[in-house]
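Make one complex out of these two single chains by using the hints.
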Amino acid sequence: MHLKYESQLREPLVYGDKNYHQVTEDIVRPIEAKPTRLWYIGFYIAVCLLLFGVYAIYRDVTYGIGQWNLNKTVGWGWDITNFVWWVGIGHAGTLISAILLLFRQGWRTGVNRAAEAMTIFAVMCAGQFPIWHMGRVWMAFFVLPYPNSRGPLWVNFNSPLLWDVFAISTYFTVSLLFWYSGLLPDFATVRDRAFTKLRKRLYGVAAFGWTGSTKHWQRHESLSLVLAGLSTPLVLSVHTIVSFDFATSVIPGWHTTIFPPYFVAGAIFSGFAMVQSLMVIIRKVFAMEDYITMGHIEAMNKVIVLTGSIVGVAYLTELFMGWYSQNKYEGYTFWYSRAYLFSPYGWSYWGMMACNVLSPQIFWFRKMRRNIFVTFFMSVIVNIGMWFERFVIIVTSLYRDYLPSSWSVYYSPTIWEIGFYAGTFGLFFTCFFLFAKYFPVIAIAEIKYVLKTTGEGYKGRMDKIEGESLETFVHDHAH
Amino acid sequence: MAKKKFVIGCFDDEAVLFPAVKKVRTAGYKIHDVYTPFAVHGLDHAMGLRETSLHTAGFIYGITGTTTALSCISWIFTKDWPLNIGGKPHFALPAWIPITFELTVLFAAVGMVLTFCYLCQLAPFVKKHHFHARSTDDLFVMVIECTDKTNTDDLQAFLTSGGAVETNVQVAEEGWWLGRYDQDEMPFQTKEIVAA
Numbered sequence: 001m002h003l004k005y006e007s008q009l010r011e012p013l014v015y016g017d018k019n020y021h022q023v024t025e026d027i028v029r030p031i032e033a034k035p036t037r038l039w040y041i042g043f044y045i046a047v048c049l050l051l052f053g054v055y056a057i058y059r060d061v062t063y064g065i066g067q068w069n070l071n072k073t074v075g076w077g078w079d080i081t082n083f084v085w086w087v088g089i090g091h092a093g094t095l096i097s098a099i100l101l102l103f104r105q106g107w108r109t110g111v112n113r114a115a116e117a118m119t120i121f122a123v124m125c126a127g128q129f130p131i132w133h134m135g136r137v138w139m140a141f142f143v144l145p146y147p148n149s150r151g152p153l154w155v156n157f158n159s160p161l162l163w164d165v166f167a168i169s170t171y172f173t174v175s176l177l178f179w180y181s182g183l184l185p186d187f188a189t190v191r192d193r194a195f196t197k198l199r200k201r202l203y204g205v206a207a208f209g210w211t212g213s214t215k216h217w218q219r220h221e222s223l224s225l226v227l228a229g230l231s232t233p234l235v236l237s238v239h240t241i242v243s244f245d246f247a248t249s250v251i252p253g254w255h256t257t258i259f260p261p262y263f264v265a266g267a268i269f270s271g272f273a274m275v276q277s278l279m280v281i282i283r284k285v286f287a288m289e290d291y292i293t294m295g296h297i298e299a300m301n302k303v304i305v306l307t308g309s310i311v312g313v314a315y316l317t318e319l320f321m322g323w324y325s326q327n328k329y330e331g332y333t334f335w336y337s338r339a340y341l342f343s344p345y346g347w348s349y350w351g352m353m354a355c356n357v358l359s360p361q362i363f364w365f366r367k368m369r370r371n372i373f374v375t376f377f378m379s380v381i382v383n384i385g386m387w388f389e390r391f392v393i394i395v396t397s398l399y400r401d402y403l404p405s406s407w408s409v410y411y412s413p414t415i416w417e418i419g420f421y422a423g424t425f426g427l428f429f430t431c432f433f434l435f436a437k438y439f440p441v442i443a444i445a446e447i448k449y450v451l452k453t454t455g456e457g458y459k460g461r462m463d464k465i466e467g468e469s470l471e472t473f474v475h476d477h478a479h
Numbered sequence: 001m002a003k004k005k006f007v008i009g010c011f012d013d014e015a016v017l018f019p020a021v022k023k024v025r026t027a028g029y030k031i032h033d034v035y036t037p038f039a040v041h042g043l044d045h046a047m048g049l050r051e052t053s054l055h056t057a058g059f060i061y062g063i064t065g066t067t068t069a070l071s072c073i074s075w076i077f078t079k080d081w082p083l084n085i086g087g088k089p090h091f092a093l094p095a096w097i098p099i100t101f102e103l104t105v106l107f108a109a110v111g112m113v114l115t116f117c118y119l120c121q122l123a124p125f126v127k128k129h130h131f132h133a134r135s136t137d138d139l140f141v142m143v144i145e146c147t148d149k150t151n152t153d154d155l156q157a158f159l160t161s162g163g164a165v166e167t168n169v170q171v172a173e174e175g176w177w178l179g180r181y182d183q184d185e186m187p188f189q190t191k192e193i194v195a196a
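Taken in sequence, the protein lines are chains A and B.
If you use this note's numbering, the first sequence closes out at 479, no skipped numbers anywhere.
If you use this note's numbering, the second sequence closes out at 196, no skipped numbers anywhere.
Please note: incorrect hints may appear among the correct ones.
[Said to hold, decoys possible] Each computed BS3-like pair below joins lysine-lysine, with the alpha-carbon atoms no more than 30 Å apart: (1) A:Lys215 to B:Lys5; (2) A:Lys197 to B:Lys5; (3) A:Lys215 to B:Lys128; (4) A:Lys328 to B:Lys88; (5) B:Lys149 to A:Lys215; (6) B:Lys128 to B:Lys4; (7) B:Lys23 to A:Lys464; (8) B:Lys127 to B:Lys30; (9) A:Lys215 to B:Lys30; (10) B:Lys4 to B:Lys149; (11) B:Lys3 to A:Lys215; (12) B:Lys23 to B:Lys88; (13) A:Lys215 to B:Lys22; (14) B:Lys127 to A:Lys437; (15) B:Lys22 to B:Lys3; (16) A:Lys215 to B:Lys23; (17) B:Lys79 to A:Lys197.
If you are wondering where the hints come from, they were derived from the structure by calculation, not from laboratory data.
Chain B on its own, in the form it takes in the complex (with noise of 0.2 Å):
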């Protein structure tokens, strides 16, 4: 994937954060994304993401594990092999609603799960830009996209204005790539360490 050119405004709360991203998508600029470190109630809302249909992924995945459930059960108990259990009837369903319900949640959780990781693009191995490292620390790190005509200046006074307490310009890799952390920088190296 080509390279792109963003803006970045750090902020270190979220009371502030919330009337700039206001601010910045009034003045008319893209927000790339927003990364936090921990979830911010209505942020996406803020930002004018959609919500997310993971959960009716979910409610397939789970409804599926109860269709293969009863479907193979009563296809092996009447149809390829009708065991006589005491005279009882072969379709006997009250018996297997343990089993049923226990593959609908198991298709529902491990479908959703999936699902999620394939959204977000996340598995072992793969590598992203970091905007920021303290993105997943401390501070809440907006990025806007450039195009042809930003004045990266002028955005950096904005945000600047906005409450941003750091700002930069970099050129980055938005998608994702195969890679390791190890030569990554490391703003905590010179920590000192006390034994716990």
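Chain A on its own, in the form it takes in the complex (with noise of 0.2 Å):
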């Protein structure tokens, strides 16, 4: 009964005939042994551009913002588009853990641990530049609504930058509790095959004390399915919330209802391409080829085809509404600031439809999908394009505003606001690389649990199973 069934016409999601001890051995192994040279390499450039990005912002609260190139109209430049851009980059996560888990997608077991840490890494790096936008940081703390001495002075609950607040703060520490709490069996693990003491002792605490016991194991299950129950909602609403910060204004161009769902799909979009782009590099690296398959990413790649597709039809829409609408301003935004190639920023609305709409239709090919080499360029290519979507956005609907006289000169970052961005790469990968290093890249646990159903191994003995007449099979399998 417990000898669960699953026909051979799907693709394994493990591959070769595995045991869950050679499981444990294979995920276990990178932190087990010492570093390779490029690991330090890697390692190494990541601390170089933090260091980079604390400067810039060392600067940043020295001198003031005024460091940075925004101006009269464009009051929001490169920082907030980087915001937007990362807090997209960490949708992915939380999709493929919850989402996907609610489902019942089987393939998210391979992917999901290092896309929750992605998930993590790139809402901290987002979070850094509201942060450090407010120029005064160290007032920081008004954002949050507490009894004070200032009258006591409240926030504006009915403003879309507090919710946003709430949702970013939500979001970071549901992911990383959901994360965390995923890892405690995985530490267990790690522990009890440790041979150093102190390997013994640092997984020990990180472990909390687990045994696997049946009883835990049964709260543990219940508290994931809540968790991705929790979050699926919640994902869905962070990017949601932050297209109000642009949605509930009346900038031209930014005044739009379908503003929450295209920006949820292009959130998706971006961070699957984040996930192809660092799993590529893992599945080599870490020689796990096994368990993140080409049927891993074959799935990733359709879900970039999808929301690339869903994106583009948004893209295709606001341009139908700026004439549609016969709103001069709109018009003006859409027609010429955006989509007029020889308009000032003409070019970056073009490279974002070449990268995000057109691009991503190679992936109707079942080749280009299994492709390594595509995958990991388009991911990049992708990422690209929804840099440039945020851009768009902010830049051209501000650079020129209702009032001629105020149009502002061609805006273009400063070398710190290029830094602070470098900085925020600086400090996603250095959480990346010792990610990497300490800890379960892969779900022991939950790879576990899949392998006798979609290991390949125990598949090619479903054989027998498929034999059976009807009636047994029903009688044996099915429950």
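This is how it looks when you write it as structure tokens:
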């Protein structure tokens, strides 16, 4: 009864004829081995970028955000572009771990751990931008509603910017809890097979004394399922609220009702692209091709072509409405500031169109979906495209406002704006390199759980079950 | 807590474990626990454990969050400091939905995780007795509590006949204490490490 059956027609999720112990060996190996030279080089570059970012922020706090090229009309520039970009990337992890869990998508087990880690690091990077954009960052606690001696002066609960504070911090907390509760059993696995005292001690602390008791597993399952149920609307709400930052304003190009679904689709699109970039590297560097299979990569590419096309429909709808509304300001923003190739920022609009709408269509072909190089190349292209999208939305709507006398000079970032962005890359990859070295990058317990159903070696033995009469089959295996 | 005597039977296949659990229970032994490397579905039912109520706790935490958000915001915006925002109503419920939703999720998630850790007695620096180092790797470890009348030799033979690949007797603490893991056995110590 407990030996479940899965059709041989479905592609295996774990290749090779493995047993439980081999799964542990394969996934824990990178933690127990010395880091490679490549790891040190990558980590060093990431830390250098991070330090440059820290210096850029140090200057930002010392001299004020006047060192950025923000001006009279372009009050949001690279900073908020990067904020939305990172938050968008941070959507894939929880989508994979929560929504795909509810939809019973078995392939999530191979990639959920790393995708969730990526989510947490991306949200950490995103959070930097609004915080340092405040300028007087030592007053950041003003956004928290608590009885204070300033009146009490409360925050505006009707403002989307405050909703964002709640949404992002809730999202970060819940993602972190979800990720860490899933890590407990795997830390226990690493602890129990550790062969140095230090490792035994540290993973002993990290595993919270997990034993694998049946009652604990029962509660753990219940916890994961409810957290998944909570995270599903949460992940949709976060980018919806980010889109409200724009949609509730009266700026042409922002004031549209399709923003929430359009932003959510874009977030999933860019998030999956980032997961692809990292997965392609991890499976190669850590030799995890048996666990992160071509089937996983193909499934994610399907999500990319779907969400990319949804985003494409949203772009076209906006253009259509720019004309159909017969609103002069909307028309000017969409048809001149954005879609006209020779307008000052026309290059960014067409860059966005090429990267986000046209190029992912290549994934309609199965051969392309299952090609590692195409996948990696496209994942980078999509993330560039999604950065352009946020830049287009923010800057092309702002650089020419209602009053031509205040039309700004051409906005381009200073080295410190770029440095800040580079710094968040440093933060992201520093965290990711540490994660890849010290954490089990694949959920060991979850792989073991699906091993006997979807492992290649076990599937091969399902001939016998398939040869049985229908009656025996239903009696023995269906439940 | 007092130490107790346990008989341990290790199984390497969940398909063998299920009938063994049934046999041991029918024979009248008290299963202290079964330690598994992953969640084995149906094992809780086979052992006769009751369903967990953790999700009910989650629901209660969730509505606590909803109530907290709505009561705080409405008090602040209608009683404590009614701000005139473009002549709009002070009680602006639709605008409060996002924060109310976020706090519902936040309270439910944080509350559930803390409750989970409390119920399972999980925390940093907590230590518990491990009956077998491979129970988090590839063995399903059934632990049976002994009474004064238990004949451990018979019980071990009984477990072996039920398919156990390894059996032994241990006297162990059943609760938790604060401690470190670095004095534990290291069964994989001699293993050769190949660079990744």
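To see whether the hints hold, each was checked on the structure:
no.	hint	result
1	A:Lys215 to B:Lys5	holds (21 Å)
2	A:Lys197 to B:Lys5	holds (28 Å)
3	A:Lys215 to B:Lys128	holds (15 Å)
4	A:Lys328 to B:Lys88	holds (29 Å)
5	B:Lys149 to A:Lys215	holds (27 Å)
6	B:Lys128 to B:Lys4	holds (14 Å)
7	B:Lys23 to A:Lys464	holds (28 Å)
8	B:Lys127 to B:Lys30	holds (24 Å)
9	A:Lys215 to B:Lys30	holds (15 Å)
10	B:Lys4 to B:Lys149	holds (14 Å)
11	B:Lys3 to A:Lys215	holds (21 Å)
12	B:Lys23 to B:Lys88	violated (71 Å)
13	A:Lys215 to B:Lys22	holds (17 Å)
14	B:Lys127 to A:Lys437	holds (25 Å)
15	B:Lys22 to B:Lys3	holds (27 Å)
16	A:Lys215 to B:Lys23	holds (20 Å)
17	B:Lys79 to A:Lys197	violated (59 Å)
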